[in-house]
Amino acid sequence: AQTVTQSQPEMSVQEAETVTLSCTYDTSENNYYLFWYKQPPSRQMILVIRQEAYKQQNATENRFSVNFQKAAKSFSLKISDSQLGDTAMYFCAFMKHSISFHAGKSTFGDGTTLTVKP
Amino acid sequence: ETGVTQTPRHLVMGMTNKKSLKCEQHLGHNAMYWYKQSAKKPLELMFVYNFKEQTENNSVPSRFSPECPNSSHLFLHLHTLQPEDSALYLCASSGALSTGELFFGEGSRLTVL
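Protein chains in written order, with this note's numbering: chain A, 365 to 482; chain B, 71 to 183.
By construction, these hints were calculated from the structure, which means they are not laboratory data. Worth double-checking, as some hints may not be accurate.
Claimed, not checked - Heads up, simulated DSBU-like pairs for lysine-lysine below, C-alpha to C-alpha not over 30 Å straight-line:
1) B:K106 with A:K469
2) A:K419 with A:K469
3) B:K111 with A:K434
4) B:K122 with A:K460
5) A:K437 with A:K419
6) B:K92 with A:K419
7) B:K92 with B:K106
8) B:K88 with A:K469
9) B:K110 with A:K469
10) A:K460 with A:K481
11) B:K89 with A:K460
12) A:K437 with B:K110
13) B:K106 with B:K89
As the list claims (entries may be wrong) - Computed Cβ-Cβ distance ranges for the label pairs, DEER-style:
14) B:G84 with A:T367: 46 to 54 Å
15) A:S406 with B:T169: 23 to 31 Å
16) B:S132 with A:R427: 39 to 47 Å
17) B:M85 with A:R427: 44 to 52 Å
18) A:Q420 with B:T77: 41 to 49 Å
19) B:V82 with A:E416: 16 to 24 Å
20) B:G84 with A:Y418: 46 to 54 Å
21) B:S132 with A:Q433: 36 to 44 Å
22) A:E381 with B:K122: 46 to 54 Å
23) A:T382 with B:K122: 24 to 32 Å
24) B:E114 with A:S406: 16 to 24 Å
25) B:H147 with A:T367: 29 to 37 Å
26) A:S444 with B:S129: 40 to 48 Å
27) B:T150 with A:I410: 29 to 37 Å
All values derive from a computational prediction rather than experimental measurement. Where a beta carbon is used, it is the ideal one built from N, C-alpha and C, also for glycine.
In isolation and in its complexed conformation, chain A is listed as follows:
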């Protein structure tokens, strides 16, 4: 079974600064996906960024980037130029690679509540 650990229950950052959220996972799989999801207060959870385990290059999406260390089973999220709208709970998630049309099961961490301060 897979486990995902987010060791920072709460974090805060000043607007325009950079913050890094930590995530580690445990798996015996070699082919899998990792995700960061964002859940703003009272709003739906959305995908922030995705990383395929077979890709060595770290994924980036505008101000969001990851540091994927496969050997260390670490997957941290860096948010640059933090904005007030980044205030949310962030979840790290793991999913084993599955064949096409197969419904995958994602394992989530406990979440990190990030507050961006003006």
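We have chain A; now place chain B onto it with these hints.
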């Protein structure tokens, strides 16, 4: 804005009531999921449906009864719930071409008195 719609957004029910949560996705996805989100706990996967067939029941008590009449609709029927069942229930969907990404609804906040 959202491709996954959940109703009702808020529900208060007594322990003897019977109610249902509804989820509808407009994304053409083949898989739909129910997750339970409680305070201080990670998201708990409850049920998975793929092409209308249940592929996962994560040891969920029988007082929760899912129904998936087609790939676009998912229900969660609730009866004789307990106060500890109070939580945010999230519906999600995924498709074959989305490389595992889940698309979530806004959730149904359930309070059991």
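Here is what the structure says about each hint:
| no. | hint | verdict |
| --- | --- | --- |
| 1 | B:K106 with A:K469 | holds, 14 Å |
| 2 | A:K419 with A:K469 | holds, 21 Å |
| 3 | B:K111 with A:K434 | holds, 26 Å |
| 4 | B:K122 with A:K460 | holds, 22 Å |
| 5 | A:K437 with A:K419 | holds, 14 Å |
| 6 | B:K92 with A:K419 | violated, 38 Å |
| 7 | B:K92 with B:K106 | holds, 14 Å |
| 8 | B:K88 with A:K469 | holds, 29 Å |
| 9 | B:K110 with A:K469 | holds, 21 Å |
| 10 | A:K460 with A:K481 | violated, 36 Å |
| 11 | B:K89 with A:K460 | violated, 34 Å |
| 12 | A:K437 with B:K110 | holds, 24 Å |
| 13 | B:K106 with B:K89 | holds, 16 Å |
| 14 | B:G84 with A:T367: 46 to 54 Å | violated, 37 Å |
| 15 | A:S406 with B:T169: 23 to 31 Å | holds, 28 Å |
| 16 | B:S132 with A:R427: 39 to 47 Å | holds, 46 Å |
| 17 | B:M85 with A:R427: 44 to 52 Å | holds, 46 Å |
| 18 | A:Q420 with B:T77: 41 to 49 Å | holds, 44 Å |
| 19 | B:V82 with A:E416: 16 to 24 Å | violated, 43 Å |
| 20 | B:G84 with A:Y418: 46 to 54 Å | holds, 51 Å |
| 21 | B:S132 with A:Q433: 36 to 44 Å | holds, 43 Å |
| 22 | A:E381 with B:K122: 46 to 54 Å | holds, 48 Å |
| 23 | A:T382 with B:K122: 24 to 32 Å | violated, 45 Å |
| 24 | B:E114 with A:S406: 16 to 24 Å | holds, 20 Å |
| 25 | B:H147 with A:T367: 29 to 37 Å | holds, 31 Å |
| 26 | A:S444 with B:S129: 40 to 48 Å | holds, 41 Å |
| 27 | B:T150 with A:I410: 29 to 37 Å | holds, 34 Å |
Taken one by one, the earlier hints fail for this structure at numbers 6, 10, 11, 14, 19 and 23, listed in ascending order.
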